[in-house]
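Residues per chain are reported as follows:
6 protein chains.
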Amino acid sequence: MGALIQEFNDYRQRMNEVILSKNNLVMKRLWNLDTNTYDAGALSVQTKEMLGLVASMVLRCDDCIKYHLGKCHEQGVTTEQLYEVFAVANIVGGTIVIPHTRRAAEYWEELIASR
Amino acid sequence: MGALIQEFNDYRQRMNEVILSKNNLVMKRLWNLDTNTYDAGALSVQTKEMLGLVASMVLRCDDCIKYHLGKCHEQGVTTEQLYEVFAVANIVGGTIVIPHTRRAAEYWEELIASR
Amino acid sequence: MGALIQEFNDYRQRMNEVILSKNNLVMKRLWNLDTNTYDAGALSVQTKEMLGLVASMVLRCDDCIKYHLGKCHEQGVTTEQLYEVFAVANIVGGTIVIPHTRRAAEYWEELIASR
Amino acid sequence: MGALIQEFNDYRQRMNEVILSKNNLVMKRLWNLDTNTYDAGALSVQTKEMLGLVASMVLRCDDCIKYHLGKCHEQGVTTEQLYEVFAVANIVGGTIVIPHTRRAAEYWEELIASR
Amino acid sequence: MGALIQEFNDYRQRMNEVILSKNNLVMKRLWNLDTNTYDAGALSVQTKEMLGLVASMVLRCDDCIKYHLGKCHEQGVTTEQLYEVFAVANIVGGTIVIPHTRRAAEYWEELIASR
Amino acid sequence: MGALIQEFNDYRQRMNEVILSKNNLVMKRLWNLDTNTYDAGALSVQTKEMLGLVASMVLRCDDCIKYHLGKCHEQGVTTEQLYEVFAVANIVGGTIVIPHTRRAAEYWEELIASR
Chain V
248 MGALIQEFND YRQRMNEVIL SKNNLVMKRL WNLDTNTYDA GALSVQTKEM LGLVASMVLR
308 CDDCIKYHLG KCHEQGVTTE QLYEVFAVAN IVGGTIVIPH TRRAAEYWEE LIASR
Chain H
248 MGALIQEFND YRQRMNEVIL SKNNLVMKRL WNLDTNTYDA GALSVQTKEM LGLVASMVLR
308 CDDCIKYHLG KCHEQGVTTE QLYEVFAVAN IVGGTIVIPH TRRAAEYWEE LIASR
Chain Z
248 MGALIQEFND YRQRMNEVIL SKNNLVMKRL WNLDTNTYDA GALSVQTKEM LGLVASMVLR
308 CDDCIKYHLG KCHEQGVTTE QLYEVFAVAN IVGGTIVIPH TRRAAEYWEE LIASR
Chain G
248 MGALIQEFND YRQRMNEVIL SKNNLVMKRL WNLDTNTYDA GALSVQTKEM LGLVASMVLR
308 CDDCIKYHLG KCHEQGVTTE QLYEVFAVAN IVGGTIVIPH TRRAAEYWEE LIASR
Chain E
248 MGALIQEFND YRQRMNEVIL SKNNLVMKRL WNLDTNTYDA GALSVQTKEM LGLVASMVLR
308 CDDCIKYHLG KCHEQGVTTE QLYEVFAVAN IVGGTIVIPH TRRAAEYWEE LIASR
Chain X
248 MGALIQEFND YRQRMNEVIL SKNNLVMKRL WNLDTNTYDA GALSVQTKEM LGLVASMVLR
308 CDDCIKYHLG KCHEQGVTTE QLYEVFAVAN IVGGTIVIPH TRRAAEYWEE LIASR
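Residue numbers (my numbering), protein chains in the order written: chain V, 248 to 362; chain H, 248 to 362; chain Z, 248 to 362; chain G, 248 to 362; chain E, 248 to 362; chain X, 248 to 362.
Worth flagging that the hints you see were computed from the coordinates, not collected in a lab.
Treat the hints loosely; a few may be bogus.
Because identical chains cannot be distinguished in the list, a pair is counted as satisfied if it fits within a single copy or across any two copies.
Stated by the list, open to error - Calculated lysine to any residue pairs in the SDA-like style (CA-CA distance at most 25 Å, straight line):
1) K318 x Q293
2) K269 x E356
3) K275 x G249
4) K275 x R362
5) K269 x L358
6) K275 x Y258
7) K275 x S361
8) K275 x M248
9) K275 x A250
10) K269 x Q293
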């Protein structure tokens, strides 16, 4: 597994445990709901993960982008498809999305290399 | 055609003409590029329009939402699918997306009634 | 009841019914969770509603602001306290919060007059 | 004076009076400071007003945009210069800035007609 | 003092000195005003710091979050209260607030350990 | 060249090559258009770069800020002028812009030292 992927996953798991240990019910239920949101329904998991990705990109949340990139990779999104998601994000959100696209591109290369 | 749809289309066309009459090349080229972004490619037009919609929702741009709702309707997105896009937008973007979801729901009802 | 309050409540109720009628489970559960978030806990309802208000102000969501203004009014927040919430929102979020503060001030006057 | 200009100025003045009547010192001092920010210094008033305009556009604050459009007009910004500010805002902020650009263009036409 | 706290404080102090050395009056006065905003008034300092925290969380400003976490800690906010602030921020601002909540949780653990 | 400048330039160039190698036409054309936006026209390059900077600051995009700081430096913007741009950004965008102003100030010191 690439270094960026490892670091992201480790920190995420470690801090999620800290947060959940405080037993705030709203936080716990929001996280469950977050998981349900991307379950297959009228739209496929693949489509929903691309929706989650483009939303994360225009809101410029690097960790959210990494999370959805990992899921898109698992769901078989191709590099060509991914860059079309990037294009929508950059056109809708403007050039301020470019630095996040750079980091997304770097993370995607690691995901592909880790296959 | 419903009143909201008519009003949106009329104002949009009228002001686009004003803007384009000023011959700013960057604006013109950005608008052309915006159109190209949603052309069929590795992703279908339908998927791209849903991506444009969710991005517009989390960025809370009512007019952008209306535009992409119109396109989603043309592309045959079902109400069930649409509400799954709404769900992603509300989970990623939080409850501040709810008022925009209300206006989106109202506009969608008009689109369905206009068929 | 003032005209702004009536219009806000009517539209909100009408569109919430449209949205809930579509039976999207994520939307329903998010709305329940939203309600729970402001229940009394380690913090009072009054404090939580002021937190919801300041968050809505810096995110510049007029309808969210109206909703929390109504709740703050119910919870006995005074005008002096309210304007200290406004001050935090304007300092943290900058002068782009001012137009929303104007509309918030107008709505608050109606809430006070409606007592 | 055009109808949009009149409405904007009237509402702004009326609500500013409500807000200032509450004597919140932070709000008062922030508003004074806001005025000072655009005074001539190492940069001209004209340049500062264009800076205020582009910032308001990418943050998508219609009332802030109207305010700075009025000031840009007073400072002799030409239509060609203005549309170059619009271009920067649309490229940096993306197509979500377009609906705000439409409203800005409409307001600018009124400002020109009011000369 | 924990490493994150030390690093945040050191960098903040060092760069504040650079900025203030340039004698820009607007910046100086804004910073003074920022301090005044959180002074005790109709609302307690503790409440105001929680308002500043939730505003910083939904606007996703990690350094602002750290600053207000430090102040909340000084003001005796409990972990249970803090997580209720986190809950409001995550519900209002959506799952894009989660990564910032992780970093906030990490910083809070350091603050508690530093007592 | 200072360490921050070197690191920013190297990463930017390396990832731009990755992104461009994927041949997504929308991305390529957006980047060309981005360059054209700041060409001399009715406004000077210097003014346009300050517009790009203030827009990047209120949108809180550190890498975009660095890019425009480099360009402002090339265009002969003085430190006094620069801090007036900072002032507009902090007033319009609020205290959440302060941490980005700190990083901007640090980068500017490197640019000056590199002359």
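Which earlier hints turn out false for this structure, listed by number in ascending order?
3, 4, 7, 8, 9
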